[in-house]
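Top to bottom, those sequences are chains A and B. Once you know that position 466 of the first sequence is 480 in the numbering used here, the rest is easy, because the numbers rise by one and skip nothing. Once you know that position 284 of the second sequence is 363 in the numbering used here, the rest is easy, because the numbers rise by one and skip nothing.
Read the hints as simulated data drawn from the structure, not as lab findings. Be aware that one or more of the hints could be misleading.
[To be verified] According to the in silico footprint, chain A covers these stretches of chain B (three or more CB under 8 Å from chain A):
hint	segment
1	123-132
2	154-168
3	262-274
4	337-346
Yeah, the Cβ is synthetic: ideal placement off N, Cα and C, and Gly gets one too.
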Amino acid sequence: MLERIKLSRNFMLFLLSMIVMVILSACAASAPAGDAQTTAAGGEADASSEIAADNGTVVIGMNELPTSLDPPTDWAIAATWIHMNIFDCLVWRDRETAEFEPWLAESWENIDDTTWRFKLREGVTFHNGEEFNADAVEWTYRRILEDDTMITHGQWTFIDSINILSPYEVEIKTVAPEPAFLSKMSGTGCGIQAPQQGMAQAESGAEYTPIGTGPFQFVEWAKDDHVTMSANESYWQGAPEIKTLIWRSMPEVSTRVASLLTGDVDLVISVPAQDWDRVNNNEGTSIEQFLTTQVMLLALRTGPSEKNPDWTGVTEDIRVRQAISYAIDRQALIDLIDGMGIPVLSRVTPPTLGWSDEFVNQTGDYDPERAKELLQEAGYNGEELTFNSSTSWLNQKEVAEAITAMLEAVGLNIDLQVMDVTTFREQIYFPYKNEELYMDSLGNSFFDPWITVLSERSDRRERSGWSGENADRVDELIREAAVNMDPAARAEQYLEIQRLINEDAPYIYLYQMYDTVGLSDHLNWNPPLDGFLWMGDAKIE
Amino acid sequence: MTRYIFSRLLQMIPPLIGLTLILFVLLRIGGDPVAHLVRPEATQDEIAQVRAAYGFDQPLYKQYFRQLGLILRGDFGDSFRFRTAAMPLVLERLPATLELALASMIVALIIAIPAGILAAVYQNTPIDLFVTTGSTLGRAMPNFWIGIMLILIFSVQLRWLPVSGRLEPFSIVLPAITLGSGIATALARVLRSSMLEVMRQEYMTTAKAKGVGKWTILIRHGVRNALIPFITMLGLQVAWLLGGSVIVEEVFAWPGLGRLLLNAVLVRDLAVVQAGVFVFGFVVMAANLLVDISYAFLDPRIRYR
């Protein structure tokens with residue numbers, strides 16, 4: 015009996031210690047996540063009450079969130095969207111027409127081929143009360159130019175010098191004539207930052223806090239989870255209607271859609287076609303579609319290059335490349351992606367300078383018989399073509415399989431290798447190990463054609479190995495267009511480049527992709543031309 | 080006992096160092112972090128520049144030993160994804176994962192203990208069949224599928240519970256059920272079989288002969304003695320729980336360590352992976368140590384020196 019009591023005591027002690035442990039860890043666990051987060055302007059935010067109070071609060075369901083809130087250090091789409099709500103740039107694109115419009119600069123003047131003068135808007139203040147002026151502009155861009163570890167550094171090296179002419183006048187000189195100047199000035203990292211705050215931060219080594227002049231000011235950031243912003247009540251374009259804006263990371267698409275259906279979030283990105291009916295039939299939610307700048311393409315290796323010097327393959331023969339082009343039925347591919355694309359023969363999409371009806375909304379010539387003839391002429395004898403594709407875009411694996419079937423139907427012997435995007439980038443794309451074919455999608459958030467053909471400048475042809483008369487001409491045109499300050503003549507140059515690429519087929523462009531957002535009816539916001547989520551003008555109903 | 084615990088803690092060091100080596104090999108031999116740091120248009124020169132800036136141009140063994148040296152001094156290095164120290168990033172996320180793990184464990188115990196006991200007591204009856212079939216099914220169903228089904232039923236249809244996140248108190252219910260139900264199945268089966276074994280012991284018959292009530296015998300003599308294999312299993316499930324948290328956190332957008340790790344692995348953010356797995360490894364080993372210590376309390380014949 016005595017023994018039993020002793021045992022029980024031990025047992026009780028064990029139970030007690032377990033309970034204490036449970037309570038302790040529960041306490042540790044329920045400590046507000048805000049403890050470990052960066053809090054700035056608004057202090058610690060009680061996220062639960064924000065969600066509960068629908069009044070003026072909008073929650074956006076993203077697939078990912080930025081890794082940095084400092085504009086020049088993260089250029090992912092998610093980062094760009096979040097930065098543009100906190101920071102303003104000097105020049106901005108009209109969200110509907112893509113025309114340049116004055117933003118923090120009231121006006122600008124192109125003095126000569128390499129000199130641009132900006133007249134700055136007066137009376138604008140940063141979220142921390144600092145005044146916006148020429149010092150802020152100079153500090154922001156000098157910071158990027160002086161730090162080559164910043165991921166966007168290379169994108170800004172077109173700037174030679176920044177001179178302050180007066181407190182509200184800045185002159186920027188470019189290294190060479192820069193026709194894409196305004197486009198680049200509104201590109202990734204363009205957000206003007208508060209200089210006093212920035213300098214103090216750099217000096218103290220404190221964690222970065224984003225302070226801009228944009229419609230929303232930063233409140234808190236839980237990495238990979240959510241970013242909270244509050245309305246900038248003294249925004250120079252007027253206070254936004256959204257009072258609290260929360261960006262949540264919801265990588266799983268079915269979770270995003272479910273959250274929209276239940277009203278947990280007001281806007282979700284990239285809703286797959288199978289969920290459209292569910293969202294549209296649900297009371298208070300709907301789907302909006304918009305064209306992105308993303309173009310799915312086939313890239314063909316036409317010859318060896320420095321990193322792949324011994325490469326030989328049948329796509330060296332222009333007739334084989336043309337045969338591949340004739341063998342592809344673009345409309346069938348678009349059907350495979352639930353109609354989420356329009357057929358194109360170029361990466362230059364409207365309203366980018368140099369776009370043309372000749373290449374946009376064109377299915378090209380689908381002619382399997384001609385393809386077979388060309389293969390016969392080329393003396394093709396069943397040699398294997400390696401075809402690499404990742405799975406990062408909508409139904410990309412299915413599209414790759416369909417293309418393989420189309421190519422095999424004209425007699426080509428295709429070895430399709432589908433891999434996840436990480437493997438594709440690490441083993442094929444960046445070590446330039448692509449062989450006959452690979453499929454990928456590329457976008458153009460600059461709305462300027464320079465970036466769409468850059469890979470075919472003679473010093474950048476690691477993946478195509480393109481050479482010959484047309485290739486030389488394209489190189490010449492790319493270099494001329496890059497410094498051509500006459501837009502009309504420049505557009506002609508890009509048109510010619512597109513024609514030559516289609517003729518020689520180092521690329522076969524397939525389709526320009528649509529994307530979707532799911533929206534709650536009480537949020538009145540239309541996706542702009544580029545689909546970017548700038549929420550400064552969103553209305554709440 | 081103190082000496083035992085201390086020596087067990089010391090024994091944790093070699094496996095944790097081994098873990099850093101395995102991770103380094105898996106992440107670095109298998110892939111190139113630079114591929115995730117540059118734009119699609121990057122030239123060879125730009126790629127080389129980034130490689131040098133992050134020290135990825137050094138021989139692999141040098142990179143590893145440099146890193147190991149830092150780890151031994153408690154510095155796991157910087158996350159190149161977030162440009163900030165990796166360990167604080169990991170520790171920031173640990174509470175959410177522990178909270179989820181604990182809640183899942185509670186769910187698992189609430190399901191497994193009654194189910195295991197009932198299945199044993201009513202062996203070969205429909206109750207037993209229900210429990211054993213249920214546990215097989217439960218183990219076979221993937222976590223993410225259970226999670227999505229629970230969201231569709233309890234959030235979208237019934238609107239009882241929030242879909243995701245960690246912003247409301249009830250947000251934890253669905254992820255905890257998703258993760259907990261998987262462990263419950265394993266635990267229930269172990270408890271059932273060890274209960275069956277205990278129930279065949281002579282002391283049970285003796286107690287019965289003394290006229291002690293059926294449920295008193297079962298709880299006081301039966302469950303108590305059946306607990307050792309059960310607790311062992313419980314300890315092993317901690318690893319399963321942390322592993323499962325990666326998927327469950329992704330589905331429910333739960334801001335824990337699992338999601339941080341998954342994203343880090345995808346872009347080969349080595350410092351974060353090292354720090355995260357190190358913490359996971361430590362938690363698993365500590366849980367197993369606790370299990371071993373608990374044996375002494377459960378069975379007085381076990382002594383540690």
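Count the residues of the segment 154-168 of chain B whose Cβ falls closer than 8 Å to any Cβ of chain A, and tell me whether that reaches three.
holds (count 6)
Go check the segment 123-132 of chain B versus chain A for me, would you? Three or more residues, Cβ under 8 Å, otherwise it fails.
Our answer is that it holds, as 5 residues pass the Cβ test (under 8 Å) against chain A, meeting three.
Okay, the segment 262-274 of chain B and chain A, do three or more residues pass the C-beta test at under 8 Å?
With 0 residues close enough to chain A, the hint is violated.
When I compare C-beta atoms, does the segment 337-346 of chain B have three or more residues closer than 8 Å to chain A?
holds (count 5)
In this structure, only the earlier hint numbered 3 is contradicted, and the remaining ones agree with it.
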